[in-house]
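Number of protein chains: 2
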Amino acid sequence: MSKANVVVVGAGGVGVVSSLSMYHAGKCELSMVVRSDYDHVLSEGYTIDSCDYGEVRGWRPHNVYRDVEEASKSGKFFDYIVITTKNIPDGPRSSTMPVLCKPFLESNSNIDPDRLTSIVLIQNGIDIEKELITTLKPEDYNNYVVLSGVEIVGSTKVGKAHIKHVGTDNLSIGAFDPDDKRAIESAKKFAVIYDAGDKNHVEFDERVRYSRWKKLLYNAAINTTTAIVGLDVPRTIEFGYEDHTKSALFLPAMHDIVNIAASEGIVIEEKFIDFFVNISAKRMFTPSMCVDVQKGQLMELEVILGNPLKVAKQNGVETPTLTFLYNILTIIQNKLKEQNGLLKFDEKTCSIIH
Amino acid sequence: MSKANVVVVGAGGVGVVSSLSMYHAGKCELSMVVRSDYDHVLSEGYTIDSCDYGEVRGWRPHNVYRDVEEASKSGKFFDYIVITTKNIPDGPRSSTMPVLCKPFLESNSNIDPDRLTSIVLIQNGIDIEKELITTLKPEDYNNYVVLSGVEIVGSTKVGKAHIKHVGTDNLSIGAFDPDDKRAIESAKKFAVIYDAGDKNHVEFDERVRYSRWKKLLYNAAINTTTAIVGLDVPRTIEFGYEDHTKSALFLPAMHDIVNIAASEGIVIEEKFIDFFVNISAKRMFTPSMCVDVQKGQLMELEVILGNPLKVAKQNGVETPTLTFLYNILTIIQNKLKEQNGLLKFDEKTCSIIH
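Those protein sequence lines, which keep their order, are chains A and B. For what it's worth, my numbering labels the leading residue of the first sequence as 269, then goes sequentially. For what it's worth, my numbering labels the leading residue of the second sequence as 269, then goes sequentially.
Next comes chain A alone, as it looks inside the complex (with noise of 0.2 Å):
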């Protein structure tokens, strides 16, 4: 059987590292979609300067594309769909999950009905795979599976086709659905491909939503704090009033976290809380929600807060940090989208304007 093949939508740091990766392993034929650098990595390539790689110049996987619709008119059937985007439903459309992935399912379903295909969502938060599978029924297309992908990396683009990648690269793949004997199986596969050796960790990971949940302990309580305050990590701790930053709003905020996992029956441990706290003290960092209001971009609220927010309420979970949180970051989300111009308000009649 020939080389599997990989797509990988979207070109910021988490993306091209994980290409990289892929590439570098040499066990798939790999596919790209760069939209705003295309013109530049068809001419140049990446530069990406790398803890792992070495000073990689003018590299280029084995086919670019310009958008979703060009690669699937490719011809080509993609095995792995890898979306590294951010995952914001309530953005704009065309950038949501079912809109990005339908024109894959469908030239796949076309070349060969047959032949399975894997969506790999490397994304934050909770319940990310839902709108996908309601929006998109797998019946429909050729029985797709989706699969879950917890990628904790240090890379950030720099400018135009220009990666700084400082932190290696660190995958956790499974399937979302643990009976699903095909995704995980798929999974275990990706997880071949994925694999580059001393270069980057992969491994099958048994529990999907333990994972996610854990990860949200970082991103529910402190990159949601960061975002609301404008400041990195350090300053947003060592500003508050006395240790109230970690004692009133991080840990609050994560204890409400392990509330709502622990009402699934997924238990989160204690020591991770503590784990996630420390690391962050004393490393200047600055976390995506927070770089996103200072760029005016929409942030992956949603999934972060919104998701979590709604498995309390359908399972009587109070929690009253992560709301509070909430309810301040919808203002700040409606703001952006004001700003981005995905909506209008009327200040004679003081509405938003449907």
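Rather than coming from a laboratory, the hints here were simulated on the basis of the structure. Any given hint might turn out to be false.
Which copy? The list can't say, so a pair holds if one copy fits it or any two copies do.
[To be verified] Listed next, the in silico PhoX-like pairs over lysine-lysine satisfying Cα-Cα at most 25 Å (straight line): (1) K341 / K271; (2) K563 / K603; (3) K456 / K295; (4) K603 / K456; (5) K514 / K616; (6) K605 / K563; (7) K398 / K605; (8) K616 / K344; (9) K550 / K605; (10) K539 / K603; (11) K271 / K295; (12) K578 / K341; (13) K550 / K425; (14) K344 / K425; (15) K603 / K550; (16) K271 / K581; (17) K616 / K550; (18) K578 / K398; (19) K616 / K425.
Following the hints, put chain B in place on chain A, whose structure we already have.
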């Protein structure tokens, strides 16, 4: 007896309209301390587009001083020292109440140790008189008294010595200490001096603390929230998740204030909660703390939230919403302090430099 001598310190929207009211009333010799606009006021006077005084052009008070030092060296005894600056006890020391008032108390003592001095604080918040009284003990000067001014006025400084005055000046004046007969008498005298007939409203306030808690309903709940999200009041309400800006932020914050006031035996009627929420929903207005953040200036955080929370702590009152707002705003206040060079943060050690 000659006319009372009044000096107004603080030449923003409130200070200038208050000065104009007293000038118009004609019952005092009116001096102003005008810092940044001093030269302009001397040469051109004030431009005031006023809903009550019309198109005022080239207006000047009887005397203009460049700063508090200069005014206190004028040889005049000031019967009323009216402070309309922002009250930011955690801000630059040179702008704190004791530092602003001390030169006047000293010069007044030298001129006539037996004549009463009244300091009138036309400022937001609760317990704003305490810093003054504990730092400058009244018995060390000429037994000065401190009066409380709660002013509701629509006026903004829109340019150099240029004020836009859109809502009639309403002043409640009383004694912080309800048992101090001299202070009460002085407040009643000031009400007469301030009364400009049909151009403004002034009333003697028998229940200063009640009035201040009542005004805090608005400032502790609405002013604070808009400062966090950086939006006018209608957007802050309409951009919220469902009705949560009102139901989960404004109302519980106001109930926290009601509960703190109740712990001191002061009953704030529920109807004022609805009143403040309803008047703000459909009126385009950006409250002062939000304006401060937008301009990169320190907020009146301590007198609006810090002091109420101290009372709550003393009296064992739970204040979940106000505490949350305070925890967030303290971080933002310190961010503003860093931007203004009042605080230094060492990114190497991730700590504030003391």
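Unmet hints by their number, sorted upward, for this structure: 4, 8, 10, 12, 14, 16
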